[in-house]
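Could you slot chain B onto chain A? The hints should help.
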Amino acid sequence: MLTVTDRGLYCAAGDFHIDPWRSVERAVITHAHSDHARPGSRTYLAADCGVPLLRCRLGGKASIRGLPYGEAVDLNGVSVSFHPAGHILGSAQIRMEHRGQVWVVSGDYKLQEDPTCSPFEPVRCHVFVTECTFGLPVYRWPDPRGVFQEVNAWWLRNQRARRTSLLLAYSLGKAQRMLVGVDPTLGPLFAHDAIRSFLPAYAAAGVRLPSVESATDEAVAGARGLGLVVVPTSAFGTAWPKGWGEVSVAFASGWMLLRNTRRRRGVDRGFVVSDHADWPGLLQAIRATGAERVWVTHGAASPLVRWLQEKGWEAEALPTQFGGDADTSSRECGAGGGAERED
Amino acid sequence: MERFTQLIVALDSATRAAEKLGALEDYFRQTAPVDAAWALVLLKGDAVRRVVKTTQLRAWGAEVAGLPDWLMDECYKVVGDWAETLALLLPTGRSPAPGSLADFVRQRLLPLIGAKEAAQRRLLERAWLELDTRQCLLWHQLITGGASLGVSRPLLVRALARVAGVDPASMALRLAEPGQPTREDFVRLMSEETARDVELRPYPFFSALPRAGEASLEEGGETWQVEWRWKGLRAQLVRRGGRVALWSRRGEVLTRTFPEVAEVGAGLPEGTVLDGELLAWRGDRPLAFAQLQRRVRRGGGGVALRGQVPVVLMVSDVLESEGVDWRNRPLHARRAELERVVAQFGEERKRWPSVRVDSAWLQGDLFASSFEPSLALKLSPLLAVKGRDELEAWHREVRAWGANGLLLKRRDSLYGAGCEPGVWWEWEADPLTCDAVLVAAQTGRGSGGTLLHQYSFAVWDGAELVPVAKARCGLSDVEDQALQDFVLQNATGRFGPVRAVRPVLVFQLAFDAIAPSARHRSGIILQGIRIRTWRKDKEPTEADNLETLRAMAPWGPAR
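First to last, the protein sequences are chains A and B.
Residue numbers -1 to 341, in the working numbering, belong to the letters of the first sequence in order.
Residue numbers 34 to 592, in the working numbering, belong to the letters of the second sequence in order.
No wet-lab data here; the hints were simulated from the structure.
Check before you lean on any hint, since a few could be wrong.
Below, computed lysine to any residue pairings styled on SDA-like, alpha-carbon distance capped at 20 Å [to be verified]: (1) A:LYS309 with B:GLY556; (2) B:LYS503 with B:GLY556; (3) B:LYS419 with B:GLY455; (4) B:LYS86 with B:LEU156; (5) B:LYS86 with B:ARG155; (6) B:LYS569 with B:VAL537; (7) B:LYS419 with B:GLY438; (8) B:LYS86 with B:ASP114; (9) B:LYS419 with B:ARG429; (10) A:LYS309 with B:LEU104; (11) B:LYS86 with B:ARG429; (12) B:LYS77 with B:GLY178; (13) A:LYS309 with B:ASP114; (14) A:LYS309 with B:LEU100; (15) A:LYS309 with B:GLU96; (16) B:LYS503 with B:GLY526; (17) A:LYS240 with B:ARG49; (18) B:LYS77 with B:LEU100.
Residues from chain A shown here face chain B by an in silico Cβ test under 7 Å; the list is partial [to be verified]: (19) LEU134; (20) PRO135; (21) VAL136; (22) SER232; (23) LEU256; (24) PRO301.
Nothing here was measured: the structure is a model prediction, and the numbers come from that model.
Using N, Cα and C, we set each Cβ at its ideal position, and we do this for glycine too.
So that you can see chain A by itself, here it is in the shape it has in the complex:
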């Protein structure tokens, strides 16, 4: 059903690509993150609730068609439908059925609760193509409620010490999740405009948002020592405006689980919140699909592949865009420098 081409996953029968790396005729998109949704293709098909975010990414001219979760469309004899993935608002798994064979491409997903998007729904299939960002047993996420309590406590402590709280988070998905999760009664909330630009789409989807002001130099300086400012991860290493006073910097990411990544990032705190499945989540999802064949992609795939093989699945690693070596993609995600990489 699917093959890997130089432009990404391709379904020959239906003549469409999934999350292609380059421009194609027909692109079927799992979610609006920039490494999955790229401009330039002729037409796009995505889950309904993800279309507003996709439009932010792809621009007004792109031809995007939205499909509600669960509804199928026929593409050259292949029945295609979207199902919630629980990664970010509008994220979806793509189900394809053709001549009795069912394949599901998970896109990025997680099993944890998240008030900003519909939760993951396992879909029965013969072949499951899964992401693998955190494909090692050491990755086990703590309860997000506990983590948000830690964030609130950190914010309070900073206020007592008259330090402005700076929270770095990936600008689409994570940042909004953090804004929704902290206690807005503690103080004024600010966010970089890149993050605020997505908020209308969240509001339209029915997510209850606190009031978030734009993080201009003056605005934050006005609330210096009190405010919590959410900024994109591309802001790592930049010098903060002097008007913001003393600053405490935290990073919300699954990579913060490990001390060495925390140290390398040089932040004051790390909060373990991820929009990807942890190891138990990956295994639970794979089992729930009932698939006998598993393709593993988007992460350091080899340990998971070997584990699955030892447990009786037919599993293999798919090459990704980053040089054909699944391991280097984790470099981009975890250890890379200023570029925005999701986590």
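Okay, now just chain B, sitting in the frame of chain A:
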């Protein structure tokens, strides 16, 4: 236990020293003495040695976690240490275990010491059920004798000094004395300052300035006292009030770290303070600085390490003799007094043959191999220098003697404090350099397996490239990033964590010494290696030969 765990977590995540200090101070102010006493023992890090072997911990942990060895190894590669890997993998308790630190140590930690394997395993499994993940990490670190729990001794000293309201030097001295983890001992540690604390204070150190040009030696050899400069630890040996203290320049108390030098102090007359350099020493030359550092790490090490790395105090000045402050006398007078003190020490020691000491050297004599391996006091030899030519000759040969430069001191100089220009000069030896080709790069542990940690360099041996060194320091961030990209794009093969690259880039490496090595294919090892410059102007064929490098090695026994 939980409050101590929180302290360790705070220390681990603090990026500024001020935060660590604050966390330590809060802890010691608010904790009951009986728990604080144990916390201090654990933070000092030298009392609880390795109780459980890491391999054992790993094996039992793998069984409890139910994971195959290869998967454990994959996890370890990304995490970087077993204590943390296991803490993350094991199904631990949901909430932190209650109870005081003292209870925890007595019930869980102490029983492990010397217990049989089966008993150890039972104790571990019970602990794993009770502790939560963060406590588990701390637990693993304690029992494997691992990391220093995120706090250096000087920081600990400052924090305790603040809580007790005493001078940090007094606290350093108090902490250096052996103590018991009891309530009484801790209360005594926190008591007010007394004369006893002040008695053993060192004098401020006087230091040489780097030679800034051709200024020195115009006045001829009589004005200047010339000695070798050694790379060791500058120290003062203080003998007063029937006690001995060995101080580093940074105010650390090293008396118990170097007991052989403390013994020397015990043999000196009352009211003596000597200034010198601590050096790892064997035969007639110092060992590499890295060997000395092994002794300093973890507070001294056991008897075996002391045998492998004997340490001496190479004294170059006397600051106090017979209770009198000698700093206001000129150097030539102090030197005479120093020679007298050392000679007298040697005479007295002859009556106790178990500790032998060398006699003062005459000026200008070359070394004879008359050193005894068991002595811990040496007199810094003076070099006979009549003019600039001789001085430069000594400077060129500095490495042959195991030193790393020359010290020039005005014979009329008083012993001041800090630095004064024109009085004492240090003249470092030029580093040795060679041009080598980059042949491989290696990922480090705990970098997620993706950050390149070390680069391997090779020189020509005939038509082949032979690796001679691994280094990383010396590159700017920009260069390092460029190199990492180059390696990823030009890898020719992969052997575990090592990526071979096309040998096209040339670098100039700087190093302090070459020694023969049977372990390495090239037959040599470069010490103190660092990258000096990226020679973008050179072709790989212009890199150095192994023969050239071998020629740089001085005569001397293999180490």
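Hints, one by one, checked against the model:
Under the criterion of a C-alpha separation no larger than 20 Å, the hint pairing LYS309 of chain A with GLY556 of chain B is inconsistent with the structure, at around 48 Å. Pair hint LYS503 of chain B plus GLY556 of chain B holds up; C-alpha atoms about 15 Å apart against a cutoff of 20 Å. Under the criterion of a C-alpha separation no larger than 20 Å, the hint pairing LYS419 of chain B with GLY455 of chain B is consistent with the structure, at around 19 Å. Annotation: proposed proximity of LYS86 of chain B to LEU156 of chain B holds, straight-line Cα distance about 14 Å (limit 20 Å).
Of the pairs offered as hints, the one joining LYS86 of chain B and ARG155 of chain B holds, with about 15 Å between alpha carbons and a cut-off of 20 Å not exceeded. The hinted pair formed by LYS569 of chain B and VAL537 of chain B meets the criterion: a straight-line CA distance of about 10 Å does not exceed 20 Å. Using a Cα cut-off of 20 Å, the hinted pair LYS419 of chain B and GLY438 of chain B holds, with the two alpha carbons roughly 18 Å apart. Under the criterion of a C-alpha separation no larger than 20 Å, the hint pairing LYS86 of chain B with ASP114 of chain B is consistent with the structure, at around 13 Å.
Simply put, LYS419 of chain B and ARG429 of chain B have alpha-carbon atoms about 16 Å apart, close enough for the 20 Å limit, and the pair holds. Note on LYS309 of chain A and LEU104 of chain B: the hinted pairing holds, with a Cα-Cα distance of about 13 Å set against a maximum of 20 Å. As the CA atoms of LYS86 of chain B and ARG429 of chain B are separated by approximately 48 Å, the hinted pair breaks the 20 Å bound. For a cut-off of 20 Å, the pair hint linking LYS77 of chain B to GLY178 of chain B stands: about 12 Å separates their Cα positions.
Between LYS309 of chain A and ASP114 of chain B the alpha-carbon distance is near 27 Å, which puts this suggested pair outside the 20 Å criterion. Among the hinted pairs, LYS309 of chain A with LEU100 of chain B is consistent with the structure: their alpha-carbon atoms are about 12 Å apart, no more than 20 Å. Annotation: proposed proximity of LYS309 of chain A to GLU96 of chain B holds, straight-line Cα distance about 17 Å (limit 20 Å). At roughly 18 Å between alpha-carbon atoms, LYS503 of chain B and GLY526 of chain B fall within 20 Å of each other, so this suggested pair holds.
Note on LYS240 of chain A and ARG49 of chain B: the hinted pairing holds, with a Cα-Cα distance of about 19 Å set against a maximum of 20 Å. For the hint pairing LYS77 of chain B with LEU100 of chain B, the CA-to-CA distance comes to about 35 Å; that exceeds 20 Å, so the pair is violated. Nearest Cβ of chain B to the Cβ of LEU134 of chain A: about 5 Å, under the 7 Å cut. The hint holds. A cut of 7 Å between beta carbons decides the hint on PRO135 of chain A: the least distance to chain B is about 6 Å, and the hint holds.
With a least beta-carbon distance of about 4 Å to chain B, the hint placing VAL136 of chain A at the interface is held under the 7 Å criterion. With a least beta-carbon distance of about 16 Å to chain B, the hint placing SER232 of chain A at the interface is violated under the 7 Å criterion. At a threshold of 7 Å, the smallest CB-CB gap from LEU256 of chain A to chain B is about 6 Å, leaving the interface hint in force. Because the smallest distance between the Cβ of PRO301 of chain A and any Cβ of chain B comes to about 5 Å, under 7 Å, the interface hint for this residue holds.
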